[in-house]
Amino acid sequence: MHELAVTESLLEIAVRHAQAQNASRITDLHLVLGQWSSIVDDSVQFFWDIISDGTIAKGATLHFRRVPVLLTCQDCGKEYQPASEEFACPNCGGTHARVKTGEEFHLEAIDVEE
Amino acid sequence: MPKRIPVVEKILSANDRLALKNQSRFDAAKVFAINVMASPGAGKTSLIEHTIKGLEGRLRIGMINGDIATSFDADRAKAAGATAIQINTGGNCHLDAVMVQLALSQLDLGALDLVIIENVGNLVCPADFKLGTHKSVLVASIPEGDDKPYKYPGMYRGVNAVVINKIDLLPYVPFRMDFFKKYRSAQPRRDPVRTLLPDWGGSIGLAGMAGGAGEGIYRVLRPVLEPGLPRKYVNPNCCNCLCFDRS
Numbered sequence: 717m718h719e720l721a722v723t724e725s726l727l728e729i730a731v732r733h734a735q736a737q738n739a740s741r742i743t744d745l746h747l748v749l750g751q752w753s754s755i756v757d758d759s760v761q762f763f764w765d766i767i768s769d770g771t772i773a774k775g776a777t778l779h780f781r782r783v784p785v786l787l788t789c790q791d792c793g794k795e796y797q798p799a800s801e802e803f804a805c806p807n808c809g810g811t812h813a814r815v816k817t818g819e820e821f822h823l824e825a826i827d828v829e830e
Numbered sequence: 003m004p005k006r007i008p009v010v011e012k013i014l015s016a017n018d019r020l021a022l023k024n025q026s027r028f029d030a031a032k033v034f035a036i037n038v039m040a041s042p043g044a045g046k047t048s049l050i051e052h053t054i055k056g057l058e059g060r061l062r063i064g065m066i067n068g069d070i071a072t073s074f075d076a077d078r079a080k081a082a083g084a085t086a087i088q089i090n091t092g093g094n095c096h097l098d099a100v101m102v103q104l105a106l107s108q109l110d111l112g113a114l115d116l117v118i119i120e121n122v123g124n125l126v127c128p129a130d131f132k133l134g135t136h137k138s139v140l141v142a143s144i145p146e147g148d149d150k151p152y153k154y155p156g157m158y159r160g161v162n163a164v165v166i167n168k169i170d171l172l173p174y175v176p177f178r179m180d181f182f183k184k185y186r187s188a189q190p191r192r193d194p195v196r197t198l199l200p201d202w203g204g205s206i207g208l209a210g211m212a213g214g215a216g217e218g219i220y221r222v223l224r225p226v227l228e229p230g231l232p233r234k235y236v237n238p239n240c241c242n243c244l245c246f247d248r249s
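First to last, the sequence lines map onto chains A and B. Counting from 717, one number per residue, gives the positions in the first sequence under the working numbering. Counting from 3, one number per residue, gives the positions in the second sequence under the working numbering.
Some clues are possibly wrong.
Claimed, not checked - Only pairs whose alpha carbons sit at most 20 Å apart, straight line, appear in this in silico EDC-like list of lysine to aspartate or glutamate:
1. A:K816 / B:E11
2. B:K183 / A:D791
3. B:K12 / B:D29
4. B:K32 / B:D115
5. B:K5 / A:E824
As the list claims (entries may be wrong) - Now the stretches of chain A that chain B is said to cover, found in silico as 3 or more residues with beta-carbon under 8 Å:
6. 718-726
7. 729-738
8. 766-773
It should be emphasised that the hints constitute simulated quantities derived from the structure, not laboratory data. Glycine included, C-beta positions come from ideal geometry on N, C-alpha and C.
Chain B on its own, in the form it takes in the complex:
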């Protein structure tokens, strides 16, 4: 006779299970970890570079960079002062928990406070592969256009914060900020997310652009920077660390 067995088990891929293990390693070492995602050329590396420089002497930073080829980005992070590991995905369009686990074996987590993982430039696949980080950040940039949140809802719905980069190109590129932000603010999510619009007025230039967006990422890093909060506060289920004023 056939019989029914109740299961009620969430179907996690092997990747998600491994991501939980990665997170346990971060937690055990009291390291706060973020996953930085964006399309190619949005300015992830510049943002990270300036963040590393800006936090010099305050946090010990490790950087894991994923790219299909080259170690350009890890080299830039090293030059900026971080311990950097390059992962060449050899064609894979995203980082996964296995690659991060391998990179972690090359990092001395006990000697770090913060790990920044720079994902492969892509607005689709990285959203589906958890890495074990505590928070995820999306770098959007003005030249990409204002319709990206509508075209890539999975990515925009899943992140904890958005940094808008290359804001100084606004006068030169058609970009309806209200259209972009309308979706952002109306987009429902499990975690409160804010659009972080960096307020700065540099000239057009990479350094200026990334420096400005750097202000945004500091707010994401509030849990490890804010003196009032426990310095190594890591609770992925708590929203307090990203609760900014509603705009």
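The shape of chain A in the complex, shown without the other chains:
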């Protein structure tokens, strides 16, 4: 939710890295999006098309690499993927877990033209 602010930040990061390499155009952005991230990719795409207009990133394609949720059981140490409403550890039944992956939202790389 509140994807506009996030998309503006995405544009700022991409343009900054492209300019540092003296690139003239950004063609692709490679994003990493965790399953439990509260970001809605359709909304990011919607805002992206509007705010990238008139920048060196105009028309760039957004690629989302999705990362599944992986939990680490704090009782037995096993890593597992939780079921939708059941978070308990399938190995020991423990209910104390930490999120190992699945909450990411970052820009991994951009493709640019000189």
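Model the placement of chain B on the given structure of chain A, informed by the hints.
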């Protein structure tokens, strides 16, 4: 020729960056700050009011209150003994780091030990806007029903502690405590979180309710209250300050 540039940069909104600045201000002034969130009517202000009274003479407290309109809550915090700043969000459904930054310019942080920020009553948006506080507290209340952790996972997953308020209404309202707490205890998180069930037996009444829940918030404030810990201990990455017995 197209070429790939590795970036690997976390996409923080402008809000998150500003929240980090707010936190630096708290840290520089050695002030511990908490963000209190809840649905409207859960009892945030009553809880804060009783906490302020209960800590009189022990901690110098500043309170920042966010509401769409009125200064009712800041007035109550002032009457209880805190330095209080009211923010009227003018329709915004949450506080953000900009509003808190503006409020901080009206507070003399050097004269405070603890800042309590009361967010706008809402179980959705406040979870997404960091303010720069060290810990966040969710006030749940019995009349809201036992399914709220399931319906608002983003909020319940993100807080450091939950205080269950209006516990004396349990006999009168259908509320499966085991159902509520099952989600709470099984909900994975980065920070250890405990359900703080206040143990008290007052009659139905606002003062009694908030007074009871106040016991819960003292435990959240342990880093600034516990004599054994450095009094102004502020390390958001350390879990020691909220590690209660597993229940």
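Results for each hint:
| no. | hint | verdict |
| --- | --- | --- |
| 1 | A:K816 / B:E11 | 18 Å, holds |
| 2 | B:K183 / A:D791 | 18 Å, holds |
| 3 | B:K12 / B:D29 | 23 Å, violated |
| 4 | B:K32 / B:D115 | 7 Å, holds |
| 5 | B:K5 / A:E824 | 14 Å, holds |
| 6 | 718-726 | holds (count 6) |
| 7 | 729-738 | holds (count 5) |
| 8 | 766-773 | violated (count 0) |
Checked against the numbered hints listed earlier, the structure breaks hints 3, 8; every other hint is satisfied.
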